[in-house]
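Asker: Quick mapping for you: the protein sequence lines, in order, are chains A and B. Mapping the first sequence onto the working numbering, position 254 (from 1) lands on 254, and the numbers just tick up by one. Converting from the second sequence to the working numbering requires adding 283 to each position, the first position being numbered 1.
Keep in mind the hints are simulated off the structure, nothing from the lab. From the three backbone atoms N, C-alpha and C, an ideal C-beta is built for every residue, glycine too.
Ranges of calculated distance between the beta carbons of each label pair, as one might list FRET restraints:
1. A/37 to B/427: 51 to 59 Å
2. B/459 to A/71: 46 to 54 Å
3. A/74 to B/507: 54 to 62 Å
4. B/330 to A/9: 41 to 49 Å
No more than 25 Å apart at the CA atoms, straight line, and that leaves these computed lysine to any residue pairs for SDA-like:
5. B/428 to A/89
6. B/308 to A/168
7. B/308 to A/170
8. B/308 to A/88
9. B/428 to A/88
10. B/399 to A/9
11. B/399 to A/2
12. B/428 to A/10
13. B/308 to A/279
14. B/308 to A/89
15. B/308 to A/169
16. B/428 to A/14
17. B/308 to B/350
18. B/399 to A/102
19. B/428 to B/463
20. B/428 to A/283
21. B/399 to A/1
22. B/399 to A/105
23. B/428 to B/405
24. B/308 to A/283
25. B/308 to A/277
26. B/428 to B/462
27. B/428 to B/408
28. B/308 to A/280
29. B/399 to A/100
30. B/399 to A/3
31. B/428 to A/92
32. B/428 to B/418
33. B/308 to A/276
34. B/308 to A/282
35. B/428 to B/487
36. B/399 to A/10
37. B/308 to A/281
Some but not every residue of chain B turned toward chain A, in silico, with C-beta under 8 Å:
38. 306
39. 343
40. 345
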Amino acid sequence: MITIATLTVRELFRRRVIYVLAALTILSVVLVGWGLDRLVDLARQNQQPELNVQIGVSQVLILIAFMFSFVLAMTAAFVGAPAVGGDLESGVAYAILARPLRRAEVVVGRWLGSAVVVVAYTIASGLLAIGVAVLVSGYGPPDPLLAVAFLSGEVLVLLTLTLALGSVLPGIAAGAIAVVGFGLAWMAGVMAGVAEALGVEGLRQVADASRWILPTDGLWRGVIYGLEPPLVVLIAAGREPALANANPFYATEPPALIFVIWSIVWMALVLGAATWWFERRDL
Amino acid sequence: MTASVSTRPGTPAIELVGVVKRFGKATALDGLDLRVGRGELVGLLGPNGAGKTTTVKLLLGLVRPTAGTGSVLGAPLGDRAARTRIGYLPELFRYQPWLSAREVLGLHADLARVPKPTRHAAIEQALRRVGLHERAGDRVGGFSKGMQQRLGLAVALLGEPELILLDEPTSALDPVGRTDVRAIVRDARYRGATVILNSHLLSEVEQVCDRVVILHRGRTIAAGSLDEVVAVDGVRIRLSALTPAIEAAARSLGGATTSTDGWLTIRPLPADRIPDVVASIVAAGGRVEAVEPGRGSLESRFLELLSDDSTDGEVKAS
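Chain A extracted, bound-state conformation (with noise of 0.2 Å):
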């Protein structure tokens, strides 16, 4: 398993995944700084108060964080769809898995390189973005390691899905799956808040469901809350607590312990319900 791990890693280094991945991380920070910069110099030009300027940058932050998940979902569906099919549709496969090893070591050693990558790209990019945001504002969120860490959650869980449903459909509709996956959960999420605001209970139930069908949402407030300033929790608790639920981009707890449970049984049933299925696929 660990040579499946090594050699995946290795590949994504050779064909110049790794290489691609920080040269646009690299000018996506530098890009997040120079906005940031401008927004922060205009507003302080204008008299805002220090505090609005806070939290409009850590709004912006959010903001960004949310399409850095949708840029990170991409990058697990690319680098989790092949793994496995990839080599099957190829032919690379055979003279492997004729080796002396279990199918299984072969899913879950192709799991672990890819995950060990895109968390390491998460965690370098995510806390690269926020740093600068920091030094350029001089607003710092509240729990940056927080964000990352379910950023980072948010990320393998959607990996797994497509490495899962690529070692049983070909690669090019694992990826698509689970990136239609992904934007249906966040807007099952969506609905899930509007449905809490309005008192809508048998849509909020539906809605709700998704969250735990796959779990990429409900990590995804955890983001938020890793980011938001307390103040505007506090502000947005004490007013309407369930209208401001509504809002996609905030976050008044971060999820359930039972909940970020459940994202790690979820994503050990995915990978063992595809490794069984695997194991005894002819190929």
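Assemble chain B onto chain A, guided by the hints.
Answerer: For chain B alone, kept in the frame of chain A given last:
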């Protein structure tokens, strides 16, 4: 289903009994029986879709039998431990294009659990054996198809496996490459390995194999040595001088005779009559320098068998 077969030396290298493999409604193997002894070099022949590749995949556990039983190197089909002793060149030979040839072999050495002390020597030996040692550091992505197939052969030979399964090993090779493969296969057999050469190139199989197994529609329709499958049907005898008396003596025991460049050919002639013909030529005063039993081509016999089997199938179907 196959778990009762235990790993034990002295058993056949391959044994399949009544193996059936269905992919949905399509039947790839239809009660296949196959037995290959240790150290044999067997050619697996058959037209496209006969079940050759499915048989090889079944031996490696890449596909599972729908029915029937079997063993490989004394272990159940697909047994992981047994796979440390098997080398395999797939029909669809593709290796990581972003690795060098040496790195691909390094990967397979790790996967095949080649012992660390012999790892380097095993890799270099395999590269040298297939003539890739000078390109060992080059990325596989830049290799021609022929070179990739040579690499596949090196992967299959790595660590001197007891059983080597070669699925169409010369499909991308030029005549020089084919000659090299024949030498490599003979060499592997010489050191005691069992080799299965899966091919539809009859001449290739004819030149190197001890035994041939002909598959059609997922069943064995003929198996045996070349002499058994393609019966001897004549003889060529080289004589120091050919006289009308000698020619008459030869003709009295066999079929038509022809002579060219000092060789007298008698056909048709059953194999068991060859000693009698030689004896009568000697009795007629002939000096025999060489005797070569002759037989029809494997190709003509192969086509004949397929035709017979197809006719049988039609009769059964009707």
